[in-house]
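Please build the complete structure, drawing on both the sequences and the hints.
Take a look at the letters that make up each chain.
There are 2 protein chains.
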Amino acid sequence: MSDFIPIPIQDSHRLINAGNVILLSVQSQDKRTVTTVAWHMPVSNQPKLISCALANKRYGLELIKESGCFCINIPEFTLIDAVVFCGTYSGRKVDKCSEAHLTAVPCSTIHGFFIDECVAHIECELYSMFEAGDHTIVVGNVTGAMGKNHLFTPDGVIDINKVQLIHHLGGTHFGILKSQGG
Amino acid sequence: MSDFIPIPIQDSHRLINAGNVILLSVQSQDKRTVTTVAWHMPVSNQPKLISCALANKRYGLELIKESGCFCINIPEFTLIDAVVFCGTYSGRKVDKCSEAHLTAVPCSTIHGFFIDECVAHIECELYSMFEAGDHTIVVGNVTGAMGKNHLFTPDGVIDINKVQLIHHLGGTHFGILKSQGG
Chain A
6 MSDFIPIPIQ DSHRLINAGN VILLSVQSQD KRTVTTVAWH MPVSNQPKLI
56 SCALANKRYG LELIKESGCF CINIPEFTLI DAVVFCGTYS GRKVDKCSEA
106 HLTAVPCSTI HGFFIDECVA HIECELYSMF EAGDHTIVVG NVTGAMGKNH
156 LFTPDGVIDI NKVQLIHHLG GTHFGILKSQ GG
Chain B
6 MSDFIPIPIQ DSHRLINAGN VILLSVQSQD KRTVTTVAWH MPVSNQPKLI
56 SCALANKRYG LELIKESGCF CINIPEFTLI DAVVFCGTYS GRKVDKCSEA
106 HLTAVPCSTI HGFFIDECVA HIECELYSMF EAGDHTIVVG NVTGAMGKNH
156 LFTPDGVIDI NKVQLIHHLG GTHFGILKSQ GG
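Note that the protein sequences, when read in sequence, are chains A and B. The numbering of the first sequence is this note's numbering, which starts it at 6 and goes up by one. The numbering of the second sequence is this note's numbering, which starts it at 6 and goes up by one.
If a hint is listed, it holds; no wrong ones were tucked in.
Same chains, same label: a pair holds when it works inside one copy or across any pair of copies.
Dumping the calculated SDA-like pairs for lysine to any residue here, alpha-carbon to alpha-carbon at most 25 Å:
1) K183 with Q169
2) K153 with G175
3) K167 with K183
4) K153 with I181
5) K62 with Q15
6) K62 with Q51
7) K153 with T177
8) K98 with G73
9) K167 with H155
10) K62 with P52
11) K62 with I14
12) K36 with K70
13) K70 with N50
14) K153 with D16
15) K183 with E122
16) K70 with F135
17) K183 with D160
18) K70 with M134
19) K153 with G176
20) K62 with D16
21) K62 with N50
22) K167 with T108
Hints in this document: simulated from the structure, not taken from any laboratory.
So, in structure tokens, the structure goes:
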């Protein structure tokens, strides 16, 4: 199993702050799914809240309503095939972990699992949710976060010289970040 | 005045999809402000909704509640000084447009203004809002969007070889996107 170390909850929003695609993993009893999500944002510092917008028909949303929790996983560009796969197929029909060769490991603070191949993950309890058009905004209260040792710079931000996060531009177009100023 | 062309509303969320920092401009009668926002996301396709999370004490949030509308402006990296300035000072105390040398131009579909120096802007009517922790999630219904001619590739995504959007990593650390994959 990989060498994750704890990330302080007050820094956990940095994992999604720059707009990188996430893999959302959810489990309800014996049902589970992994969903690619590009629409998400940090929401609050005290308490630490983060949110994402999920299409109302999404299986992942259905499982969050049942379980009351979810996990946000941070993939690097090496996982692009799994990211595209998990954004294309529904977890109602296939087990995405096995199909996309992702390893599910039990979370430590919620009922659910994280993806071992991702560079970090954030465990969340459902805080609130509300419909907006054809999506539902899901807000999670961060209960724990873990990341690989090389993830952050000494300044506490993601080291984009070492970690290539995935940014969705639209369709099958993606970008990665490079340093500028600072 | 700059050479903006209309962006189809159904494509407008592409302007914020990859997590780039925005400048939110709001006007209520003779009061106005410009606020730097890193916490935002698209929310819905039909209708086209986008959202941001604003600290409950923010002057921009107060003006949105009064006016019922706001404008999201997309700055390039050349505007980094203005972006940092507008994220540091409160519009209660200074007129940020004049202090940051930003040109306010009246919007065409809402009561408000856009920033001429930005590469694109999205005009929004307030759709809904709800508190979450120390921030409020503001959801806007897109009423119009305009951008510079060179902004999008023929595939309808932001041309990151020509446009350097600003990604906030934390503190005063920023990144820009480069192409990866296809």
